[in-house]
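J.: So the protein sequences, as listed, match chains W and F.
With the working numbering applied, the first sequence corresponds to residues 239 to 667, in that order.
With the working numbering applied, the second sequence corresponds to residues 239 to 667, in that order.
These are computed hints drawn from the structure, not numbers from a lab.
For glycine and all other residues, C-beta sits at the position ideal for the given N, C-alpha and C.
Hints may be right or wrong, so weigh each one.
Stated by the list, open to error - Pairs of lysine-lysine residues, derived as BS3-like cross-links and limited to a Cα-Cα distance of at most 30 Å, are as follows:
no., chain 1, residue 1, chain 2, residue 2
1, F, 320, W, 320
2, W, 464, W, 320
3, F, 464, W, 464
4, F, 320, F, 464
Stated by the list, open to error - For the chain F half of the interface with chain W, some residues (derived, Cβ under 10 Å), not all of them:
no., residue
5, 311
6, 315
7, 395
8, 398
9, 399
10, 407
11, 416
12, 425
13, 471
14, 499
15, 562
16, 568
17, 584
Stated by the list, open to error - Derived list of chain W stretches under chain F, where covered just means 3 residues or more per stretch with a C-beta under 8 Å from a C-beta of chain F:
no., region
18, 408-417
19, 459-472
20, 574-582
Protein chains: 2
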Amino acid sequence: MPLAMPDGYRILTEAQVPAFLAGIPTVAERLGGGPDDWRAREVGDGNMNQVFLVHGPAGSVCVKQALPYLRVVGEGWPLGLKRAWFEQMALRVQARFAPDRLPHLIHYDEMLFAIVMEALTPHRILRYGLVEGLTYPALAAQMGRFLAETLYGTSDLALPAREKKDLLGLFAGNWEMCGLTETVVFTEPYMVHPHNRWTSPQLDGVAAAVRADTDWKLAASRLKLKFLASPEALLHGDLHTGSIMVTAEDTRVIDPEFCLFGPIGFDIGALLGNLWLNALAQDGHAGPGASRDASREAVLTAAEEIWTGFRTRFLARWRGGGTGDAYPAALFVDSTGTQALEAERQAYLDRVFADALGFAGAKITRRILGISHNMDLESIADPDRRALCETRCLHLARALMVETHRFGDVTQVTAALRSLRTEVTRAVL
Amino acid sequence: MPLAMPDGYRILTEAQVPAFLAGIPTVAERLGGGPDDWRAREVGDGNMNQVFLVHGPAGSVCVKQALPYLRVVGEGWPLGLKRAWFEQMALRVQARFAPDRLPHLIHYDEMLFAIVMEALTPHRILRYGLVEGLTYPALAAQMGRFLAETLYGTSDLALPAREKKDLLGLFAGNWEMCGLTETVVFTEPYMVHPHNRWTSPQLDGVAAAVRADTDWKLAASRLKLKFLASPEALLHGDLHTGSIMVTAEDTRVIDPEFCLFGPIGFDIGALLGNLWLNALAQDGHAGPGASRDASREAVLTAAEEIWTGFRTRFLARWRGGGTGDAYPAALFVDSTGTQALEAERQAYLDRVFADALGFAGAKITRRILGISHNMDLESIADPDRRALCETRCLHLARALMVETHRFGDVTQVTAALRSLRTEVTRAVL
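Put together the whole structure using the sequences plus the hints.
T.: Written out as structure tokens, the structure is:
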């Protein structure tokens, strides 16, 4: 059955991109010269879209076009094009709160479902750098702040209810992308499903143990319900280390096509979980004379600093005077009131922390047992060694999800993770 | 400044109603004869709309038209007409789950913002009956079931995520009505505000004590945040005893113009809170030789049965196999899994109960200290006696909101309420 495509939509080729861009004055100006001088190269390595880098005499731009199917699977898995509209909309909203951490949006083409944006150079995908053992000194502070600004800024603490409901109504339309998350993160990894794969036969027993672990499945299901019905703020929705581009000085968050109003802890947990997974994968990349201890510790420190940076900034914003409709400041003006409100803020952030830990565990689990894996682990050539790293990840994931309240502080997660490196020596849960 | 009105909108008069209805074939058929045979009478006693009862030779209908301002205040408080659209939309959605408990929707006029529906006869507003001391034997079972069916049916337990998000997006547009609730229920009663009034001077000290009570204000603010950001199900949004019409055998829920996706406990708490307020107001209506003990006990029993009926039915629906995306049944098929899921269901309902108690307290408080009062208390002529009943209500409200977890079961609320009748003998908190 041929895919239904809206009128005017066509899948751009490298050769067609210059003519498309020539019709957008601000792009022509940025690239310099004319369309004959522009070269487009398809560089997409994600699962769902095509991405062109376009260079002209004066500069470059990036064109991201949604394809009507899941690229990694092919036309057999159709996927709505409108995710591109939600992505550019999320970029616009996030830019109100953290413009420096995003690619600059230049143009959105409604007919081609194509986003034209700043080409980020010399940035590269954070995940690739971390897998090589590189460290990024600006990352933690910039990501902690990005999370605080975008999540606080779109919460009921900052947004008047009308404005939040308008946005909520808008982003509710991105249900197809959310449906993918609901399925591949919270459901499939915990059951027998043809989408799933894992390092086999090493993890066969571990995967079976997860599927038989009622507490774990219950934790995943509670998190799923939270994901479905707690629209606390506008989330990126897929904030792993492949959605972040970096240099030593600069961090940018890309690809918010899974955006939704959801629980604040989901974005934070996605990032922390991916960092913790990377930290436990570092042993798989170490070799004789090539210790990864420093890389691992740098990643662990980054995770701690992202959380503390987020928490500090979020609290500072809230203390600065909530402009939203939650916790009306007028009710807490005397000294008893201000103290109680401050205790409430701390409890709020403690709850977000617990949520983040749970979601981090869910994100780790699905990268080992579900449909979509990470090169942090996938690129460990020796399957026995990979399976051992993965087993340690799953031990951590279970603790984060099922025994969340063991962790009163982010440093306790770091400590638990370090212990797992020595305690877990076999692929058994 | 004249109110902005959309093209084609006009405020209907009694004389104009027959001609309006003549254009709707199903209505003409229902009324019989022709427009000259129809008599319309405006009977609206609410705050916001006009309501016509229209009688013809063969039958009758009810016409509810939104006015572009808050009727009880006048043109100085403009209010969007589109609430009528949301009301008819809520009636349509609720009718999928509990058609027998609603007025039958006959027609919606987009231009006049007018709903034409079944005229409920010989039903009367529940509140008026309760104030007279009447009892309604069918009420509790029918309302418990109405709450269970509509709230379960629109939750993530029953609705696939896509369908729920479509509805969520739709109803997010009813922000103006939600904004009224946010303000007059959760905020204004706890501060000095020109909208507020109370039995003065008797309750002056009590009102001041509430405004100084940080724990109470914190509880109200937590509930407000839950109201803002927990879209668990489609709520009626204003389910007090004035939104229910009854006969001895039949119960109908009307006026869902405050509808929203919100926390399940809000609707339940609204109804329980109004019943508990009525129970504590019965002493104000007793007289020599006219005990209200039986009336009060009947109301208390009804409140208990509404909760237990709701809980039982909600659980039965869920056990019957969730068709929504939360708690995928496939993850909990073995005996450990089914037991754990059952424990989770019980915990879910325990949490809904705690929410309901908190919201009940908020609803009671606002009816005594806020803008909008209830005739249950207002019609107690002696202000000292009224103030005493109101003080007991506020004692109960505070306990429900601040010490929620004192109440493990609905019978414990009943017991606490009975104790307050003897313990509280002065208007002091």
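J.: Could you run down the list of hints and mark each one as holding or not?
T.: How the hints compare with the structure:
no.	hint	result
1	F:320 x W:320	holds, 28 Å
2	W:464 x W:320	holds, 25 Å
3	F:464 x W:464	holds, 13 Å
4	F:320 x F:464	holds, 25 Å
5	311	violated, 20 Å
6	315	violated, 17 Å
7	395	holds, 9 Å
8	398	holds, 9 Å
9	399	holds, 6 Å
10	407	holds, 3 Å
11	416	holds, 7 Å
12	425	holds, 5 Å
13	471	holds, 9 Å
14	499	holds, 9 Å
15	562	holds, 8 Å
16	568	holds, 6 Å
17	584	violated, 13 Å
18	408-417	holds (count 7)
19	459-472	holds (count 9)
20	574-582	holds (count 5)
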